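> Residue numbers (our numbering), protein chains in the order written: chain A, 1 to 339; chain B, 1001 to 1339; chain C, 2001 to 2228; chain D, 3001 to 3228; chain E, 4001 to 4251.
Honestly, the hints are just simulated from the structure, not real lab data.
Among the clues, some could well be false.
[As the list claims (entries may be wrong)] Residues on chain C that point at chain E, a partial pick, calculated with CB under 7 Å: (1) Asn2143; (2) Ile2145; (3) Ala2146; (4) Ile2181; (5) Lys2182; (6) Leu2194; (7) Gly2197.
Model, not experiment: these values are computed from the prediction.
Glycine is no exception: its CB is placed at the ideal position from the N, C-alpha and C atoms.
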Amino acid sequence: MTAVYQLKNIRHFYNDRKVLNIDDLTIEKGSITGLVGPNGSGKSTLLKLLIFAERPSLGEIYFRGKIELPFSKAIRSKVTLLTQKPYLLKRTVYDNIAYGLNIRKDKNDVIRRIKTALSKVGLDFERFAPRKWHELSGGEAQRVAMAARLVLEPDVLLLDEPVASVDMESAKLIRNATLKACEEWGTTLVIASHDLQWLFSISDTQIFIFNGKIFPTGVENIITGPFETHNGNQFIKKLSDGQFLVLPEGGKGKTAALIKKKNISIDQDKKQLNNGFNQCEGTITSMFFEKKKERISANIGLNDLSFTLNFSPDQISRLDLQPGKKIILTFKIDHMEWM
Amino acid sequence: MTAVYQLKNIRHFYNDRKVLNIDDLTIEKGSITGLVGPNGSGKSTLLKLLIFAERPSLGEIYFRGKIELPFSKAIRSKVTLLTQKPYLLKRTVYDNIAYGLNIRKDKNDVIRRIKTALSKVGLDFERFAPRKWHELSGGEAQRVAMAARLVLEPDVLLLDEPVASVDMESAKLIRNATLKACEEWGTTLVIASHDLQWLFSISDTQIFIFNGKIFPTGVENIITGPFETHNGNQFIKKLSDGQFLVLPEGGKGKTAALIKKKNISIDQDKKQLNNGFNQCEGTITSMFFEKKKERISANIGLNDLSFTLNFSPDQISRLDLQPGKKIILTFKIDHMEWM
Amino acid sequence: MDDIVAGIVKAFELLFSGDESTWTAVLATVKVSTCSMLLSIGAGLPCGFLLGYYEFRGKQHLRTVLDTMLALPTVFIGLVVFAFISNQGPLGDFKLLFSLTGIAIGQTILAFPIVTAITATTIEAVDPLFKLTLVSLGAGKRNIIATCLWEVRYGILAGAVTAYGRVLTEVGISMMVGGNIKWHTRTVTTAIALETGKGEFANGIALGIILITLAFAVNLSLSLLRRQ
Amino acid sequence: MDDIVAGIVKAFELLFSGDESTWTAVLATVKVSTCSMLLSIGAGLPCGFLLGYYEFRGKQHLRTVLDTMLALPTVFIGLVVFAFISNQGPLGDFKLLFSLTGIAIGQTILAFPIVTAITATTIEAVDPLFKLTLVSLGAGKRNIIATCLWEVRYGILAGAVTAYGRVLTEVGISMMVGGNIKWHTRTVTTAIALETGKGEFANGIALGIILITLAFAVNLSLSLLRRQ
Amino acid sequence: ASDTLMMATTTSTDNTGLLDYLAPHFEKDTGIKLKWTATGTGKALKLGETCDVDVLLVHAPPAEKKYIEKGFGKARREVMYNDFVIIGPKNDPAAVKGQSIQDALKTIKDKQSAFISRGDDSGTNKKEKLLWKNAGMQLPDKEEWYVQTGQGMLSTINVAQERGGYTMTDRGTYIKYQSQKGGDAPLIVLVDGDAVLLNQYSVLTLSDKNCAKAQHELAIKFSDWMAGENAQNLIKDFRLLGKRLFIPNAK
Ligand SMILES: Nc1ncnc2c1ncn2[C@@H]1O[C@H](COP(=O)(O)OP(=O)(O)OP(=O)(O)O)[C@@H](O)[C@H]1O
Ligand SMILES: Nc1ncnc2c1ncn2[C@@H]1O[C@H](COP(=O)(O)OP(=O)(O)OP(=O)(O)O)[C@@H](O)[C@H]1O
Ligand SMILES: [Mg+2]
Ligand SMILES: [Mg+2]
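With the rest of the complex left out, here is chain A (with noise of 0.2 Å):
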C-alpha cells in the first residue's frame, strides 16, 4: 500500500486559536476514511488542508510523498472536496455538474456522464439537469453538489457531512457510489459524517478527533467536563441522575477524558467491587450493524454522556440486549484518561 497522504507535525490556527494539532497521519491509496468526532473539533479544518485549500500554520503535508502548493496541477486535477454547507454555483443543475469538467477540458460525453452521476445520487437527469440552483430542497441540493463531485471521477475524494439533510435513501445511494468510486477508480476516500451508523457501514478506518488532536483506533468514549475535584487528586463527573464517575489524578486544566471500548464490561445487574473501578446504569438507545467488521455497535446513553460499544451476535443473544434496555457498565478508573 502506499501513502496518499502523510501529515506531519501539523499545527493550525485561527487567529491564535489551535484547531489542530497532528503529529503525525498517514492516509493510504484506496482507503476509506472516517473522521468523527464533536463540533468543532477540527474535521473540516483538516479536510481543507488536504484539499492544500489553506495551509497548515506549521508542519507539512506529504500528498503522494511531495508538499504540494495551492493550485497546484497535481491537487487541481486529483483531489475534491464536497464542502460541509454545499455551495452550488448559480447556474443551472446541469452546468454545476458540468463545471468541474469544463475546467478539465474534459468534452467526452459529458451529458451520459452527468446523467450517470446524477443517477448516483437518485436524481432524475430530465426532471433536474435544467432546474436552477435555488429551485432545489436542502437534500436536493446537497445531492447535486456530491454528483458535481462524483462526474470527477477523482482519486481523492474528501466528503464533508456528506448525507446531513440527506433522506435515508440517498444515503444509502451515496454510501454505494463511494464504495463504487473506490472499487472502480481507486478513489482514497476521507469522510467527515455525525452519522456515526452511516460512517461505520463505509468506512475501513476511523479516525477519532477531538480538540483537533486525533486518536487513530476507532471511536473510544469520551467523558467531557465539568468536573470536580475528588479525594484530593482524583476528580468525578457528576451525572445529572447522581450517579457520578471517579477519573485518575492528573485532570486539572483538562476538558475531556477518555475510555477504550474494550476496557468496558457489560453485565446485567450491579456487583460489588472495590473502590478502584467505575460502575454506572445506562440505557441502550439504538444499535445498528457494521456490515464490515460483522459486528453490532450499540450506543448507551448515561444521561449527558454517551457510549458506544461493540459486540458480537452471540453476546446480543446471549445478553437479550435490545434497544431500550438498561445495562450496568464497568471500567477501571486507571484505565480512563486524561485528554
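Please arrange chains B, C, D and E with the ligands on chain A, whose structure you already have, making use of the hints.
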C-alpha cells in the same frame, strides 16, 4: 386542546410544479409534530408557509383561527423558524442571538438570557459570544442559530433539520431544550428531520410527507418506482438481488406505493403462501428505542428499499431480533396502496 | 509637464498661504457636496432598497430608466434646474438661482440615480436566505430594511463614494445654476474651469490637487470608520 | 420652461432631419465612449478582482487611493493628459492632442477607478464558500477569476453602467484634450456646452435629450441581454 | 491630404458664427482647411505658447503685445473691430444712460448697483478692468455689488438679467442675446460710443523660434487672407439680425 394552525385545501406551486397538496391539517397547541419525508417532499416549504414567509398559492392557513398576513404582529412576535441552512448575520455570535430581542425592544436581562440560550445548545458564553459569524464550525453555527431561536421563547417554534451536522451530545441537548420549551413556555413545535431516531425521541405525532401530500398516521413504508407491469393489471418492483414485490392494480403513472406497518408480519423463515401475498427477505440494519411509546423501531433493508417496523421489547426477545439478522416480511398485495 | 510641477507647488502655496478665494471655494464645495450627498443618500437608499428587494411588474424597465439616468449630463441637469428656478421659472420666487442651494438641488439629481442603482444591485445580490432568516426572527418591514442595508453597507458605501466623486467633480450644474460667482458660488471645480479657460493651467492643476486632497481626506476617514 | 419644450421639439428635429453636425457629434461620442469603456473594463476587471479577492498588506490604503481617484475632476484629468500629449509634452510626437484617441485616453483614466472600485467591492462580497467550492472542484487561478467575475456579473454591470454614464457625460476631458473642434472632436457634451455658452438653451436641452436617448438605447440592450 | 491650419480663437468669433461663415471662403481661396478651437483668450494664447495650434485670432491688444515681447508671438495683424457697450436693465436704476463711460462706472459704484463682471481675464474682462482704472477707481473685488461670474459673455449677460444688474459686453454678443430674446431684451444698451470702448481683433502668428514645428507658412497665408480685400469685404457683409457685428480695419 386548541388548534394553533389549521390548514385547509393548501396547494403550493413553484413554477407550475405542485410541491404541496394538503387538504386538511391541524396542529394543536403545545404539541410536538415531527415532519418526515424524503428530500424534496415539501417539508421546508410547509414550514415556510407556517411562518407566513410565503403565502400558499391556494387555500387558507389559520393561525389561532385567523388568516394572518406576512409581517402581521401576531406572527412576528410569536412564531420563529430555524431554517434548514442556518444563516448567521455578519456580526458576532452575541449580536446574532441578541438580534431577535433587539427587534422586540426587549432589553431585559439580555446577557443572562443569551448565556442561558447558548448553554442550552452546549456552547460556552465566554468562548463563543465574542466570535464573528464566520469563525465557527458547521455544527457550531447550526447551534448558534438554534440559540437565537430559543432565546425568543416563542409560542411556536418551527425547526428545519435542527440536528443535521450537530454532534450526538449536542443533539441530545437540543432535544432537552426543545422539550423544556414545550413544558415551560407551552411552545408548539413542528420539526422536520431526517434523523428519525432523534425525531421519534422528541415528537408526539409524526406526519409523513411524500410528494407534497401528508399521511398523518406516522411513518408508513414506501415503495418507490420504477415499476414494471405484470400479469396485465398488476405491477412489480424488482429488487436488485432478484427478489420482487407485486403491487396491486391502479398504479398507472404512479411513482410510489405505501404499506402500513400494522399490515406487515415478521417471520424467521419463509412459509408457503397463496398468490395474494408478498414475501421477501430483508436485513435489520438498525434498531432504536422510542422512549415516548416504549417500543422499539427497527429499520429493515430490502436492497434499495427500507422499511421501518415497530416491536415491543417482548417481541424482540422472542424473535431474537438484532441488527444484522435476516428476517422474512410478509404482507398482502391488496394492503398496498398507491400514492 | 512644467505646468504639472508648477501646479503641485502652487497647490501647497494656495493651501498654506491661506489664499482666501481658494478657501472660499473649498468651503462652498464642501457645503454643497455634503448637502447633496445627504439628500441623495436619504432618498436613494430607500428607493434602492425597494427596487432591489421586491419583485414587481415593470421593475426591469424601471432599472433601465434608472441606469439611463446615470447618463444625465450635468449641463443638461443644470439647464433643466435653471429653467425651473430662474426668475421666469415656476420656482423663480424662491431665489434659488446663483445660490449654493440651487447647486445642491442639481447635484442631488445627479447623485440620486447612482446611489439608488448601486444600492438596488447590492440588495439584489443579498442571499434570499438572509431575508427568510430575518423574517423567521420576527423582523418587521422596517427592521428588514435597516438590517439589509446594514448587512450590505460596504456595497452601499462604494456607491456613495462613487456618487461623491461625481458630485465633487461636476462642473455643469455648478456653472449653470451657481453661476461661478466669485466669493459666493464659485466651487473648486468651477474655479478649475475658469483658471483653465484663462490658460492658467498650473492654477487649474493646483486646484485639482486641492480637490483630490479633499476627497482623499473624506475617503480616509471613511476607511478608518470602516475598519472599526 | 419654454426652453425645455423647445428643446424637446428640437431634439426630434435634429435627430430626424438628419442634421449632419449633430450626427457627427453623436458618432464621435459613440466612438470615443465605446473605446474608453472597453479599455477601462479590460484593465479594471482584473485589477478589481485582485483588489477584492486577495488580502494583502496595504490593501486598505490602496482602496482609499482608488476611492479618491473616483473624485478626479475631469478638467484635471484633461489638464494632465494635455500636459503629456501637447506638442511640448513627452508624448507630443504621437499627435494625440485634438484627437478622439486623446479623449479616449482621458476617459479611460476617468472610468478605470469606477470599474475597478465597484468590481472590487462586489468581489469582496462573494461568499468565501464560493471560493472554496471552486478550489474543491479543481479550479485554477484563471478559472477562479473568470467564474467569480461571471458569478457577480450584475454587480460589475452596475459598475460599468455607472462608469459609462460618467464617460458619456463628461465635458472637461473632451473640451481640454479634444478641443471641441467642429466635424472632428466635437462630442455631444461639448456641443451642449457650446450651445449653452451661446445661450442657445433649447439646443443644449435638445442635445442633452439626444445623449440620454443614446444612453437609453445602450441600457435597454444591456437589460435585454441580462434577461436572457 | 490638403493642408490644415489649426487655430485657437476666442469664443466671440465662434459663437457669433463668423468663423463658420469665413472658413469655407478661406478654403476655397487658398486650399487650406481651417480647424479651430474656441476658448477664453488666456487659454488661446496658452495653446499658442505650447505650440498646439498654428495661429491665433484674439482681441486683447495689450496682452498680445506682451506676448510678442515674451517671444511667443511673431507678428500681430489687426483685422477687424467691434465695440464694447455697457448694458443694464430697462429701468436703469442707477440712471447711467447717456453718461460717459467714466461717469457711468462711478455712478454704478456710488449707488452700489449690481455690476456683473466676467472676471475671467478674457479680452473683454481685461478691457473692463482698464476702464475701472481709467475712471480712477481701484478694481472692485469683494464688494457685494460687484459680481464676478468667471463665465463667458452670454452667461454673464444672463446673470446680469437675472440679477437686474449692469455689465459690459461686446456688441456682437449683445446682438446675439437680443435676438434670443426676440428683439425685446430686458437689458438694453445704456453707454456706448467712446473711443476707449473699441474692441480690436488681431491675427497673431507664432514665433518660429518657440514653435519650430508650427505651420508658419499657412499661418501667414491666413493672416494675409484675413487682411486681404476679399476677407475684409466678407467681414463687412457679415450680419446677424440685419446688424453688422464686425467692422474690418486691416491696414
Ligand atoms: N425556490 C424554489 N423554486 C422551485 N422549486 C423549489 C424551490 N424550493 C423548493 N423547490 C422544490 O419544491 C419541492 C419541495 O421542496 P422542499 O424544500 O420543501 O423539500 P424538503 O422536504 O424540505 O426536502 P429536504 O429534505 O431536501 O430538505 C422540491 O421538489 C424542490 O425541488
Ligand atoms: N474561519 C474561522 N476562524 C476562526 N475559527 C474557526 C474558523 N473556522 C472554524 N473555526 C474554529 O475551528 C475549530 C474547528 O472547526 P471545524 O470547522 O474544523 O470543526 P468541525 O470538526 O468540522 O465541526 P463540525 O462538526 O461542527 O463541522 C472550531 O473550534 C471552530 O470554532
Ligand atoms: Mg465541519
Ligand atoms: Mg428541507
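> Take the hints in turn and mark each one as holding or not.
Comparing the hints with the structure gives:
Nearest Cβ of chain E to the Cβ of Asn2143 of chain C: about 49 Å, over the 7 Å cut. The hint is violated. Violation of the interface hint for Ile2145 of chain C is found here, the shortest Cβ-Cβ separation to chain E being roughly 42 Å, above the 7 Å cut-off. At a threshold of 7 Å, the smallest CB-CB gap from Ala2146 of chain C to chain E is about 44 Å, leaving the interface hint violated. The beta carbon of Ile2181 of chain C comes within 5 Å of a beta carbon in chain E, closer than 7 Å, and the hint placing it at the interface holds.
With a least beta-carbon distance of about 4 Å to chain E, the hint placing Lys2182 of chain C at the interface is held under the 7 Å criterion. Checking Leu2194 of chain C against chain E by beta carbon gives a least distance of about 4 Å; that is within 7 Å, so the hint holds. Annotation: interface hint on Gly2197 of chain C holds; nearest CB of chain E at approximately 4 Å, less than 7 Å.
Checked against the numbered hints above, the structure breaks hints 1, 2, 3 and satisfies the rest.
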